[in-house]
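Residue 10 is where the sequence shown starts when you use the numbering used here, and the numbers rise one by one after that.
Calculated directly from the structure, the hints in this document are not laboratory data.
For clarity, every value in this text was computed on a predicted model and none was experimentally measured.
It is possible that part of the hints are untrue.
With a cut-off of at most 27 angstroms between alpha-carbon atoms, the simulated DSS-like pairs for lysine-lysine come out as follows [claimed, not checked]:
(1) K541 to K455
(2) K468 to K273
(3) K442 to K455
(4) K493 to K455
(5) K541 to K493
(6) K273 to K477
(7) K493 to K273
(8) K433 to K89
(9) K477 to K493
(10) K475 to K273
(11) K455 to K433
(12) K493 to K468
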Amino acid sequence: MSTSSDTPARTAGTRPRLSILVGALVGVLALAAALAAGHLVAAFVGVNASPYLAVGNSAIDLTPTALKDYAVRTFGVYDKIVLLGSMAVVMVLVAALAGVLSRRNALPGVVVIALFGIVGGVAVFSRPDLGQLSLLAPAASLVAGVLVFRFLHNVALRRAGTIAAEKRSAGGTAEDAGADTDENVATEEETAESADEPSGTTLSANRRNFLIGAGGVAVGAGAAGLGGQLIGDSMSAESSRADIGSLTPARTAPAIPADADFAKLGTPTFLTPNQDFYRVDTALVVPQVSAEDWTLRIHGMVDNELTLDFEDIRSRDLIERTITMTCVSNEVGGPYVSTANFLGVNMWDLLEEAGVQQGAEQIFSTSVDGWTAGSPVEASLDRNRGAMLAIGMNGEPLPVEHGFPARLVVPGLYGYVSATKWLKDIELTTYAKRRMYWLDRGWGEKGPIKTMSRIDSPKGFQAFPKGKVVVSGIAWAQNTGVEKVEIRLDNGEWQQTQLSTEVNINTWRMWNIELDVPAAGSHQVTSRATDKNGYVQTEERVGTVPDGATGLHNIFFTTT
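The task is simple: from the sequences and hints, build the whole structure.
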């Protein structure tokens, strides 16, 4: 054993400290355990109660409109993955920093991990789609995170103390051993050190204990997180959707003419396959609602409150309509426009059955995840428009990600005011009494779709031999119809294109034209649409906020 003369750090009341790497590892593993525990419990009390997802949903709700719109434009369908990935990076960095700050004392890390749990609890509590039982998930996250941090910190500190004592035994100083020489500091971890100098066996055992503890936490966190995911997946609505089988309309939509698109010339196919239909919503996790458990309540300013289940809707005369839907976040030339055959019942039949009272202005619809929209009553009662409660899409039950079991579809209005997915509630009310989700975030109240056109071929900067170049694209003016589409090459005159056969005024129309481009070089082509009311698509370039983008789409291509 060393004498008092060669162990000055020990006699000065030293305390061990963790290395930066070990401290960071303790913090990250505690975070992993916290998130995994919360995710596992959330599988039983509501998937969105997972603290990680609840904080993500709150981040979506609190994100400024401009930033949210930028994310949709920039990342498209991957915007939610980018959000969750960014959150993960920030949380890992904060947890690692908390571990580093806890090299001598566990308190800073415990506080940070506890704060993670508290933030998760606040996020869960604020979610409109979650009940009080859902708070069990963030509670489990907080408890697991704190306990794991303290456990790993104690084991790691014991190992650090053994290493420090070994260095002192070999003649090192307190600084060499990584010790704090403040005589007035007394810590709980110091009791883990032995007054005697360690043997190699003790050092090896302490190192092994830490590795076993860290590895056990990592494996346990992985198992808990995976278990939560598997349990959540087992509650998928896909099996309920498959059990529905075929849905037979009493009135089918007219057949799509063969010349309704110019897909061979570069346009989309007229009907968008379900897997390709655009999706823009606020749901980090797609709600899972079985048809057997689904109900729709229609109430508010009505004479007869209705509560309908899936069989109530399915047993009615189902109608099929071909409708083009457009997202208000669609930039000029953007991809968020698609067309499908929707199957369901007329909204006006349901509203007339409920008896809409005088003064009702909006259909305030709510999704099972708490998202809300407000559709003008007059639009939903307009028989020429054809608003629907839809339960099918392109010949099959609604895909889960597109609103199964039921959604709203109101032609001629952007989706943020007309297309509530996973619908559970309709309230007839006024705009003064209820404010929809996006209205509180700077978007417009009514949301009529604007007349627009888009060039699909050529692609930007595509090269061709000089001579004949085919230009094609799409145009839409829902609830009005497209009358003509014109294009302009460079600064030349506007030229009228060939239009596809019109299916109905609520769907897009394809167009194409063959241009003679004799000169080699760079060229610009621009398109504009005119609707059946005589409105010509404006050149004024305006962003998507508050009620949809305007401007003319143009692309550049080259000829050689």
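Checklist entry - Is the straight-line distance between the alpha-carbon of K493 and that of K468 27 angstroms or less? => result holds (22 angstroms)
Checklist entry - Between K442 and K455, is the straight-line Cα distance small enough, at 27 angstroms or below? => result holds (16 angstroms)
Checklist entry - Is K541 within 27 angstroms of K493, Cα to Cα? => result Holds, because 8 angstroms separates the two Cα atoms, which is no more than 27 angstroms.
Next on the checklist: K475 and K273 were given as a pair; does the straight-line alpha-carbon distance stay at or below 27 angstroms?
Outcome noted: holds (21 angstroms)
Item to check | Distance restraint between K493 and K273, which requires alpha-carbon spacing of 27 angstroms or less | outcome: Within the cut-off at roughly 21 angstroms; holds.
Item to check | Restraint check for K273 with K477, where alpha carbons must lie at most 27 angstroms apart | outcome: Holds, at roughly 16 angstroms.
Checklist entry - Does K541 pair with K455 here, judged by a C-alpha cut-off of 27 angstroms? => result Roughly 21 angstroms between the alpha carbons, so the hint for K541 and K455 holds.
Item to check | Proposed proximity, K433 with K455 (alpha carbon, max 27 angstroms) | outcome: holds (21 angstroms)
Checklist entry - Taking 27 angstroms as the top limit, are the C-alpha atoms of K468 and K273 close enough? => result holds (15 angstroms)
Item to check | Hinted pair K477 and K493, Cα distance within 27 angstroms | outcome: holds (22 angstroms)
Checklist entry - Taking 27 angstroms as the top limit, are the C-alpha atoms of K433 and K89 close enough? => result holds (24 angstroms)
Next on the checklist: Can you confirm whether the C-alpha distance between K493 and K455 stays at or below 27 angstroms?
Outcome noted: holds (26 angstroms)
Going down the numbered hints, you'll see the structure goes against none, and every one checks out.
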